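Novice: Protein chains in written order, with the numbering used here: chain A, 31 to 453; chain B, 51 to 419; chain C, 7 to 141.
Among the hints, erroneous ones may be present.
So these bits of chain B aren't anywhere near chain C, every CB distance computed over 10 Å [as the list claims (entries may be wrong)]: (1) R70; (2) V91; (3) L122; (4) P143; (5) F192; (6) G217; (7) I256; (8) T261; (9) L270; (10) I311; (11) R340.
No more than 20 Å apart at the CA atoms, straight line, and that leaves these computed lysine to any residue pairs for SDA-like [said to hold, decoys possible]: (12) K328(B) / F374(A); (13) K419(A) / F144(B); (14) K447(A) / W9(C); (15) K328(B) / E42(C); (16) K89(B) / P290(B); (17) K89(B) / S451(A); (18) K328(B) / D360(A); (19) K419(A) / K215(B); (20) K83(C) / R373(A); (21) K328(B) / E364(A); (22) K371(A) / L325(B); (23) K215(B) / G306(B); (24) K371(A) / T137(C); (25) K385(A) / P66(C); (26) K447(A) / F144(B); (27) K328(B) / D46(C); (28) K371(A) / P66(C); (29) K371(A) / F22(C); (30) K414(A) / K353(B); (31) K385(A) / W9(C).
With the C-beta cut set under 7 Å, the calculated list includes, among others, these residues of chain A facing chain C [unchecked claim]: (32) S182; (33) F374; (34) S433; (35) G435; (36) L436; (37) T440; (38) A443; (39) K447.
None of these hints come from the bench; they were simulated from the model.
Keep in mind the model is a prediction, meaning the values are calculated, not measured.
Glycine residues also receive a C-beta, built at the ideal position from the N, C-alpha and C atoms.
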Amino acid sequence: MNFFRAAAVLAFAGVAAFSTAQAPAPAAKKPAAPAANSCIDCHLALDDQRVTPPAKAFADDIHAKAGFTCVFCHGGNAAAEDQELAHDAKKGFIGKPTHAQIPEICGKCHSDAAAMKHFNPSLRTDQLSEYRTSGHGKKLAKGDQDVAECASCHGAHGIQHVKDTRSPVSPTRVAQTCNGCHGNDALMKKHNLPSDAYAKWTKSVHYAARAKGDASAPTCNSCHGNHGAAPPEVASVANVCGTCHATFAEKLKTSPHWEPFQEMGLPGCVVCHDNHGIVRPSEAFLGTGPEGKCSSCHDAGSPGAKGAEAMRASLTALAKETAVTRETLDRAAEAGMEVSKVRFELGQSDDALTKARGNVHLFRVAAVREDTDAGLKIAKTAHKAAIKKLQERDYRRNGLFVSLGLIFLTMVALVVKIRTSSP
Amino acid sequence: MAKRSPSSSPEDLSPLAAAREWARDRFAVEDLQHLAAKKQVPVHRYTVFYYLGGMALFLFLVQVATGILLLLYYRPSSTEAFESVQYMMADVPFGWLIRSIHSWGANVFVGVVFIHAISVFFLKAYRAPREMTWVTGALLLFLALGFGFSGYLLPWNTLAYFATKVGTDVPAQVPVIGHLLSRILRGGSDVTGATLSRFYGLHVAILPAITTVFLGLHLLLVQRQGMSVPRKIEREGGPPKTMPFVPAFLMRDMVGWLAAIGVLAALAAFFPWELGVKADPFAPAPAGIRPEWFFLWTFQGLKYLPATVLGIPGETLGVLFLGAVAAIFVLIPILDRKLSRAWNAAAILLLIGAAILTVLALMPVKGAA
Amino acid sequence: MSWLLGTSVGATIAAFVYPIVRYLVPPESSEPSLTEFELDVKASDVRPNSGRIVPVGGKPVLLFRTAGGELKALTAKCTHLDCTVQYREARSDIWCACHNGTYDTKGTNVSGPPPRPLKPLEVKVRGEKITLKLA
Numbered sequence: 031m032n033f034f035r036a037a038a039v040l041a042f043a044g045v046a047a048f049s050t051a052q053a054p055a056p057a058a059k060k061p062a063a064p065a066a067n068s069c070i071d072c073h074l075a076l077d078d079q080r081v082t083p084p085a086k087a088f089a090d091d092i093h094a095k096a097g098f099t100c101v102f103c104h105g106g107n108a109a110a111e112d113q114e115l116a117h118d119a120k121k122g123f124i125g126k127p128t129h130a131q132i133p134e135i136c137g138k139c140h141s142d143a144a145a146m147k148h149f150n151p152s153l154r155t156d157q158l159s160e161y162r163t164s165g166h167g168k169k170l171a172k173g174d175q176d177v178a179e180c181a182s183c184h185g186a187h188g189i190q191h192v193k194d195t196r197s198p199v200s201p202t203r204v205a206q207t208c209n210g211c212h213g214n215d216a217l218m219k220k221h222n223l224p225s226d227a228y229a230k231w232t233k234s235v236h237y238a239a240r241a242k243g244d245a246s247a248p249t250c251n252s253c254h255g256n257h258g259a260a261p262p263e264v265a266s267v268a269n270v271c272g273t274c275h276a277t278f279a280e281k282l283k284t285s286p287h288w289e290p291f292q293e294m295g296l297p298g299c300v301v302c303h304d305n306h307g308i309v310r311p312s313e314a315f316l317g318t319g320p321e322g323k324c325s326s327c328h329d330a331g332s333p334g335a336k337g338a339e340a341m342r343a344s345l346t347a348l349a350k351e352t353a354v355t356r357e358t359l360d361r362a363a364e365a366g367m368e369v370s371k372v373r374f375e376l377g378q379s380d381d382a383l384t385k386a387r388g389n390v391h392l393f394r395v396a397a398v399r400e401d402t403d404a405g406l407k408i409a410k411t412a413h414k415a416a417i418k419k420l421q422e423r424d425y426r427r428n429g430l431f432v433s434l435g436l437i438f439l440t441m442v443a444l445v446v447k448i449r450t451s452s453p
Numbered sequence: 051m052a053k054r055s056p057s058s059s060p061e062d063l064s065p066l067a068a069a070r071e072w073a074r075d076r077f078a079v080e081d082l083q084h085l086a087a088k089k090q091v092p093v094h095r096y097t098v099f100y101y102l103g104g105m106a107l108f109l110f111l112v113q114v115a116t117g118i119l120l121l122l123y124y125r126p127s128s129t130e131a132f133e134s135v136q137y138m139m140a141d142v143p144f145g146w147l148i149r150s151i152h153s154w155g156a157n158v159f160v161g162v163v164f165i166h167a168i169s170v171f172f173l174k175a176y177r178a179p180r181e182m183t184w185v186t187g188a189l190l191l192f193l194a195l196g197f198g199f200s201g202y203l204l205p206w207n208t209l210a211y212f213a214t215k216v217g218t219d220v221p222a223q224v225p226v227i228g229h230l231l232s233r234i235l236r237g238g239s240d241v242t243g244a245t246l247s248r249f250y251g252l253h254v255a256i257l258p259a260i261t262t263v264f265l266g267l268h269l270l271l272v273q274r275q276g277m278s279v280p281r282k283i284e285r286e287g288g289p290p291k292t293m294p295f296v297p298a299f300l301m302r303d304m305v306g307w308l309a310a311i312g313v314l315a316a317l318a319a320f321f322p323w324e325l326g327v328k329a330d331p332f333a334p335a336p337a338g339i340r341p342e343w344f345f346l347w348t349f350q351g352l353k354y355l356p357a358t359v360l361g362i363p364g365e366t367l368g369v370l371f372l373g374a375v376a377a378i379f380v381l382i383p384i385l386d387r388k389l390s391r392a393w394n395a396a397a398i399l400l401l402i403g404a405a406i407l408t409v410l411a412l413m414p415v416k417g418a419a
Numbered sequence: 007m008s009w010l011l012g013t014s015v016g017a018t019i020a021a022f023v024y025p026i027v028r029y030l031v032p033p034e035s036s037e038p039s040l041t042e043f044e045l046d047v048k049a050s051d052v053r054p055n056s057g058r059i060v061p062v063g064g065k066p067v068l069l070f071r072t073a074g075g076e077l078k079a080l081t082a083k084c085t086h087l088d089c090t091v092q093y094r095e096a097r098s099d100i101w102c103a104c105h106n107g108t109y110d111t112k113g114t115n116v117s118g119p120p121p122r123p124l125k126p127l128e129v130k131v132r133g134e135k136i137t138l139k140l141a
C-alpha cells in the first residue's frame, strides 16, 4: 500500500500536467476483457470518500456485468498501475464528467443501434435524441447546471435495469426520483416551477390505484414521457389523458367545450380535474356551487350554469333512487327474503349511472338525461320488486299471527276443558 | 282373553267410539288402555317440572318431522349443500318456515334437555330405582349435543365450516387415539366434503338409530316406574295427591306443546335463521368464529388452559377434564348413593352441582362477549 | 265447549298441514345448481356478431354470437377494475368502456390495462334452450 503511494508520488513529481480535456475513448466494440482493472484496484485501496464508493458500487452495475469497465466512460489506461499513466489524458481520461458531457458519454453507446444489438437488441436507441427535445435537455444545452441528465436519474455507478426495483427509475420509484428535484422548493422557485406536484399526486386516485397494485395507473413518466420529459402542451392534454380515458376524451372533443378551450388555450381535462391532484369526481363538480368547477367561466344563472345544474339534478335523482331501492332490499334481506335477482337488476341501474356520468363530458343535458331516464326506469321497477319482497315478509307475519291466534284459541279451549273436568 | 265378536250395528256408536271398537277388536289394546287409564301423576309444588321431559320429547319429534321435510330438498355434497338450503329459503313454498323451525328448534330442544337434566338433578329424581333412567338420559343429552354438532355443518356456510374445523380439533387432543378419532370424525385429515358426508350420515341415520334405542329405554323406564317424588315432599306425609295421566296431565302437556310450537313459528317469522355465505376453505377464518351456544363453555374453557402443565399439553388436559366431567355426569346416581350416607355430603354434591352450573352459564356469556 | 275444542284443534292442525302440503309441491324454478345455469334468452334471439349481458348466479356474463355464428360466453367483469364489458360489433371484439381495455372473442386481454383474460363458460344449446356451465 505505502509502496504504491510512494511510487505514485515519485512519478507524479516528474510528470508535466497534460491536463487539457480530450475526447474520451472511441465508441466501444465488444470489450476485450482487460487483464486487470487498475482503476478499481487502486480506487478501492485508497479508501477515500470521493473515489472509493463509486468503485464499490460499480461491482453491481449492469454495465460491469456486460464487461464494461471504467475506461469506457472515463477514459484512461486500465492496465497502468501508476496513477499518472492511468489518468493519462492522451488515453482519453476525463476524470469526473461535467453535466453537459454525461449525455454524450452515455449516448455514444446507447444511440448506436448496431452496438446495442450486441448487448440488448430490444432496447431503444433514441433516448439521447429524445432527451435533447426535453425540458431538461434544452436547458442543459443552454448551460443550466441544475437540470437532470442521465446520471441524475439512472445513477452513475450502480446502474440497474429499469425493471429492477433497485433502479431509481423503476416504475415504483420513478416518482420519488423526480420529486428529488421537483419537490425542492428553493430549486423549483429558482426555475419558476411549482414544487407540489408529487405531494398533490400522492393524494390522487392514480396514486391510490398504484398503491392497490394497479400498475396501469399513471406515474410521472406515464404522462410526461421518460427521456423527452416535458409537460404536455395545453392543446395535447386531452390526448394524454385520453390514452387511457379514451371515451371521455372523445366525448370532450365533440362537446361544445372543445373549441372554446382550444381558443382560450385552456388545458382540456385539467380545467375540471386538475393535473396532479386528480381526485374522485362527484356530482358536486357540476354547477357554480362551492365544489362546482363551472364558475370560472359561467356566471350563476347563465345557460351554461343552468345546463350544469340540470345534469347534476338528473344524476343525483338516479343515484338517490338506486340508493333507496338498495336500502329497501337490504331491509328485505335482513328479514330473511331472497333478493339476489332484484339486486342483479339494480346493478344495471348502477351501469346506467356510470354511463350517464361519462356522458357529462358531452356537456349536453339531453345526452345525460337519456341514460338517467333509462336508469330510473330500471331503478323504479326494482324498487317495486323490493316493496313486493317487504310485502311478502308482511304476508308471512300475518300468516303467523293467524296461526298463533288458532294455537292460542286451542290452548284456551284446552285450559277451560282442564278446569271444568278436574275434580 | 275372551274373543269378542265384532260389534253389530254401527249406528249406535259415534265415529270416535266406533274407531275405538275397531282398534280394540284387532289390536287387543285393552290392557294398554287400562294401563293408560291407571297411570297417575303426583301433584305437589314441584309438579311443574314433570312437564319438561314431555316438552323435550315433543321438541325432538318436531325436529324429526321438520328434518324429514328438509331431507326432501337438501343435497349433502359440498358443491350443492349451500345452494340447496338457499333454494329452500328462497324458492320452496314455506321452505323458510320449515328450515327456521328446525334451526331454532334445535337450540330450544337442547336448552330444554339441559333444563330437564338440571331439574332432575336438583330434585334428585335419579335416586334408586331410577339410576338407569338417569344414565340413559345422560346418554340422550350427549346424543342431543351430537345432533347439534353434526347438523350445524350441513348448510356448509363459512360459520359452520370454521366452527366444525375448530370443533373437530378437540378430539385430536385425546392422548394416544386422538388423531385417529379426529380422522374418523372428519373423514380425512381436514374438514372437506367427506366430512359433510359423514356428518350427514351421523345426523340422519346413525344418531337417530341410537337415539331411538335409548329414548325407547328411557321412556319405557319412566312408564314402568312412574314419576319420582322428591324426598322433601315424601317426608311431609299426608295423603298422596295425584292426577290421572290421561286426560288431565296430557292436556296440560298439550298446552305447553302448543305454546312451544307457537314460539318456534314466531321465531321463524321474526328472526329467520341466517344462511350467510358459502364456505370457502381457502379463505382465512373470519374474525369471531364461535361454536353454537351449547358448546361455548368448552370453547371458552379451552382459552383459559395454560399451554403446558407439568409437560402435558394444556389442550390434552382440557380434553381429559371434559371426559372426567362427562363420566361424573353419567355416574351421578352412584356417586350420590355413596355420598348420601352423611346428609352434608349430599349438600356438598348439590353445591358442587350449583357451582359447575354457574361456571357453565357464565362461560358462554364471557365467550359471546 | 268440546265443540270449541274440537274445532280449534282441527283448525290448528289444518294450519300445520297447509304449509307442509305446499312445501311438498316443488316450485316451478329449476333445481339449484352451482355449475349449470339455464338462460331465459332463446338461442335464436342472439344474432351473429352481437352480444348481451345475462345474469348467471348473480354475476354478469357476456353471451355473444361471433360473426361466424358460434355461440360463446365469457365472464363479463373486466379484470382491470370490475366494470361490465360489452361486445363491440364494429370490431367483433370485446371492449371495456371504462379504460379502453380490449379482449378478443376468446377472452384474451389484447390491449389496455386489463391484466388477465376473461374466463370462458361452456355453452350448451338444445334447440332454443341455452345452458351455461362453469368451465
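Novice: Look at each hint and say if it fits the structure.
Specialist: How the hints compare with the structure:
The non-interface label for R70(B) is consistent with chain C: the shortest C-beta to C-beta separation is roughly 16 Å, beyond 10 Å. Non-interface call for V91(B) relative to chain C: holds, since the shortest CB-CB distance, roughly 21 Å, exceeds 10 Å. At roughly 7 Å, the least C-beta separation between L122(B) and chain C is not larger than 10 Å, which violates its mark as non-interface. The Cβ of P143(B) sits about 4 Å from the closest Cβ of chain C, inside the 10 Å cut-off, so the non-interface label is violated.
Chain C leaves F192(B) outside its interface by the beta-carbon criterion, the shortest separation being 31 Å against a cut-off of 10 Å. Listed as outside the interface, G217(B) is consistent with that label: its C-beta sits roughly 26 Å from the nearest C-beta of chain C, beyond the 10 Å cut-off. The Cβ of I256(B) lies farther than 10 Å from every Cβ of chain C, with a closest approach of about 26 Å, so its non-interface assignment holds. No beta-carbon of chain C comes within 10 Å of the beta-carbon of T261(B); the shortest separation is about 23 Å.
The claim that L270(B) is not at the interface with chain C holds, since no C-beta of that chain comes within 10 Å of its own (minimum 28 Å). Under the 10 Å C-beta cut-off, the non-interface status given to I311(B) relative to chain C is violated; the minimum distance is some 8 Å. For R340(B), the condition that its CB be more than 10 Å from all CB atoms of chain C holds, with the nearest at approximately 28 Å. Note on K328(B) and F374(A): the hinted pairing holds, with a Cα-Cα distance of about 18 Å set against a maximum of 20 Å.
Taken as a hint, the K419(A) and F144(B) pair is honoured in the structure, with Cα atoms around 15 Å apart against an allowance of 20 Å. Simply put, K447(A) and W9(C) have alpha-carbon atoms about 11 Å apart, close enough for the 20 Å limit, and the pair holds. A C-alpha spacing of about 17 Å is found between K328(B) and E42(C), which places the hinted pair at or below 20 Å, so the restraint holds. For the hint pairing K89(B) with P290(B), the CA-to-CA distance comes to about 14 Å; that is within 20 Å, so the pair holds.
For the given pair, K89(B) sits about 17 Å from S451(A) by alpha-carbon distance, which is consistent with the 20 Å threshold. Distance check on the hinted pair: K328(B) and D360(A) sit about 19 Å apart at the alpha-carbon level, within 20 Å; holds. Note on K419(A) and K215(B): the hinted pairing is violated, with a Cα-Cα distance of about 36 Å set against a maximum of 20 Å. With a CA separation close to 16 Å, the supplied pair K83(C) and R373(A) stays within the 20 Å bound.
With a C-alpha separation of about 17 Å, the suggested pairing of K328(B) with E364(A) holds against the 20 Å cut-off. Taking the CA atoms of K371(A) and L325(B), the gap is about 17 Å. The hint holds against a cut of 20 Å. About 37 Å separates the Cα atoms of K215(B) and G306(B), which puts this hinted pair outside 20 Å; it is violated. Distance check on the hinted pair: K371(A) and T137(C) sit about 18 Å apart at the alpha-carbon level, within 20 Å; holds.
About 17 Å separates the Cα atoms of K385(A) and P66(C), which keeps this hinted pair within 20 Å; it holds. Of the pairs offered as hints, the one joining K447(A) and F144(B) is violated, with about 33 Å between alpha carbons and a cut-off of 20 Å exceeded. Distance restraint check for K328(B) and D46(C): the Cα-Cα separation of roughly 25 Å exceeds the 20 Å cut-off, and the hinted pair is therefore not satisfied. Restraint check: the Cα-Cα separation between K371(A) and P66(C) comes to about 12 Å, which is no more than 20 Å; the hinted pair holds.
Between K371(A) and F22(C) the CA atoms are separated by roughly 30 Å; this puts the pair beyond 20 Å, and the hint is violated. As the CA atoms of K414(A) and K353(B) are separated by approximately 50 Å, the hinted pair breaks the 20 Å bound. Distance check on the hinted pair: K385(A) and W9(C) sit about 68 Å apart at the alpha-carbon level, beyond 20 Å; violated. Taking 7 Å as the C-beta contact cut-off toward chain C, the hint placing S182(A) at the interface is violated, the least distance being around 30 Å.
Evaluation of the F374(A) hint against chain C yields a held restraint, the C-beta minimum of about 5 Å falling below 7 Å. The interface hint given for S433(A) holds, since its Cβ lies 5 Å from the closest Cβ of chain C, which is under the 7 Å cut-off. Among the interface hints, the one on G435(A) is violated; its C-beta lies about 9 Å from the nearest C-beta in chain C, farther than the 7 Å criterion. The restraint placing L436(A) at the interface with chain C holds, with a minimum CB-CB distance near 5 Å, inside the 7 Å limit.
The restraint placing T440(A) at the interface with chain C holds, with a minimum CB-CB distance near 4 Å, inside the 7 Å limit. Interface hint status for A443(A): upheld, as the beta-carbon distance to the closest one in chain C is roughly 4 Å, under 7 Å. With a least beta-carbon distance of about 6 Å to chain C, the hint placing K447(A) at the interface is held under the 7 Å criterion.
This entry does not satisfy hints 3, 4, 10, 19, 23, 26, 27, 29, 30, 31, 32, 35, going by the numbered hints stated previously.
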